[in-house]
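Colleague: Residues per chain, in single letters:
Protein chains: 2
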Amino acid sequence: MDRMLRGALAPGTWMRQDELASSMGVSKIPVREALQRLAALGLLRFEPNRGAVIPALTAAEADENFTLRRVVEPELLRRAIPKMSIVDLAGAELALNADPGASSDIDPSGLEANWRFHRAIYVASGWERGLAVVEILHASVAPYVRLYTDSLGGASDSDDEHLALLAACRSGDVACALDLLDTHLDQAATALQVFLTDREVREDGQP
Amino acid sequence: MDRMLRGALAPGTWMRQDELASSMGVSKIPVREALQRLAALGLLRFEPNRGAVIPALTAAEADENFTLRRVVEPELLRRAIPKMSIVDLAGAELALNADPGASSDIDPSGLEANWRFHRAIYVASGWERGLAVVEILHASVAPYVRLYTDSLGGASDSDDEHLALLAACRSGDVACALDLLDTHLDQAATALQVFLTDREVREDGQP
DNA sequence: GACAGCATAATCGTATACGATCTGGGAATG
DNA sequence: CATTCCCAGATCGTATACGATTATGCTGTC
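Protein chains in written order, with my numbering: chain A, 1 to 207; chain B, 208 to 414.
No lab work stands behind these hints, which were simulated from the structure alone.
Note that the Cβ used here is the ideal one computed from N, Cα and C, for glycine as well.
Among the hints, erroneous ones may be present.
Below are the EDC-like pairs computed for lysine to aspartate or glutamate, each with C-alpha atoms no more than 16 Å apart in a straight line [stated by the list, open to error]:
id, chain 1, residue 1, chain 2, residue 2
1, B, Lys235, A, Glu33
2, B, Lys290, B, Asp380
3, A, Lys83, A, Glu33
4, B, Lys290, B, Asp225
5, B, Lys235, B, Asp225
6, A, Lys28, B, Glu335
Covered stretches of chain A (in silico footprint by chain B; criterion: 3 or more residues with CB under 8 Å from a CB of chain B, positions within the stretch not fixed) [said to hold, decoys possible]:
id, segment
7, 40-47
8, 70-79
9, 110-120
10, 132-140
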């Protein structure tokens, strides 16, 4: 139910309560409560008497987002690696392998699979709060990452980085893993940054 | 309305919906929506058919909490200091001065005032998301900080640290400010840690 | 033809109502 | 006397209903 918003909907979309309610076979009340939860996380914004809308992200906000991820995720990774069991490793590998094959129709860019991979690693850290924070940060940029990933034909080049990261986790090489994660995030951040700044100057031209 | 939960209520307290509703002169529905927002932030937990309860924090979770703050808050501070206007500085000073004099009845430990001070600095960074994250982290440990601060007679010893931090902000000395913040958080973290571990072993004795 | 003004439809936000679930205490039983 | 069962009160979660607010399209006027 909440998963529908993890990057699947475009910014600016209005969440019609009656529509969601009838499509899910419930009344507006549980729908509104779910929307309020998402709004509290910043994935949605309630405007008075107008309902909930998926907010647009400025380039500055995206930059903030990735900077936060680049300070929080290393902490998760650092603590996760020594704790990763064989099952955790297998789970992460599974998330990776599910990626190229069955790029499902609702996730053509493999964005969900990508996040499941990172998540599978981070859960081993035992840091629920930190994982939640990162998950929100990831979700709030997801709509944009999806936009430019879909158009640019997929993020298959980052698969190598994922494999290398998984290998580092397996061998317990924390320093190497942290290094890989940092470049991984850095590349994603710059890619999104050029996409957003392009979009912003384009919109300044014809608002 | 949400402010009632910013550390004012003890863990384990059940949020009775009818009670809140009638005390605020509204029905349960807006109350439930507010509770859902808080639950999304982890400040509350909904248990099926039992309502919302303020969750207890383990020592490990408190440790995670402060570790996150110690990686996020420096980023906020680093970006805030060069941007702080004269109004921002005055706002921070005001929050400090309001602290010792009028320790209000609902905030005997000056915890609210303490947070307003830090917040007044961080808002200058322009990082809304990061500020929100830190605010949640602060709020979720607030009930415990309140417990040991109230009993130990107040955190007047940290006023010096606050003054020094404010001075560093004024002079634009980022390195010094970061150092002060780190020790500030470190002290708070260790104090809470001994309090919680004490509490946990005491509860192990008679569960 | 463009634009202000109004009527109508769509949508939101919340009060009320009601079935479902949980809690606590007393009666019945071994 | 301890234990189990059951019922009444309390509380939750959600469907329905309705006033309030906003969007939309039409009409009349300049």
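Colleague: Each hint needs a verdict: does it hold in this structure or not?
Modeller: Going through the hints against the structure:
{"no.": "1", "hint": "B:Lys235 / A:Glu33", "result": "holds (12 Å)"}
{"no.": "2", "hint": "B:Lys290 / B:Asp380", "result": "holds (12 Å)"}
{"no.": "3", "hint": "A:Lys83 / A:Glu33", "result": "violated (36 Å)"}
{"no.": "4", "hint": "B:Lys290 / B:Asp225", "result": "violated (46 Å)"}
{"no.": "5", "hint": "B:Lys235 / B:Asp225", "result": "holds (6 Å)"}
{"no.": "6", "hint": "A:Lys28 / B:Glu335", "result": "violated (30 Å)"}
{"no.": "7", "hint": "40-47", "result": "holds (count 3)"}
{"no.": "8", "hint": "70-79", "result": "holds (count 3)"}
{"no.": "9", "hint": "110-120", "result": "violated (count 0)"}
{"no.": "10", "hint": "132-140", "result": "holds (count 4)"}
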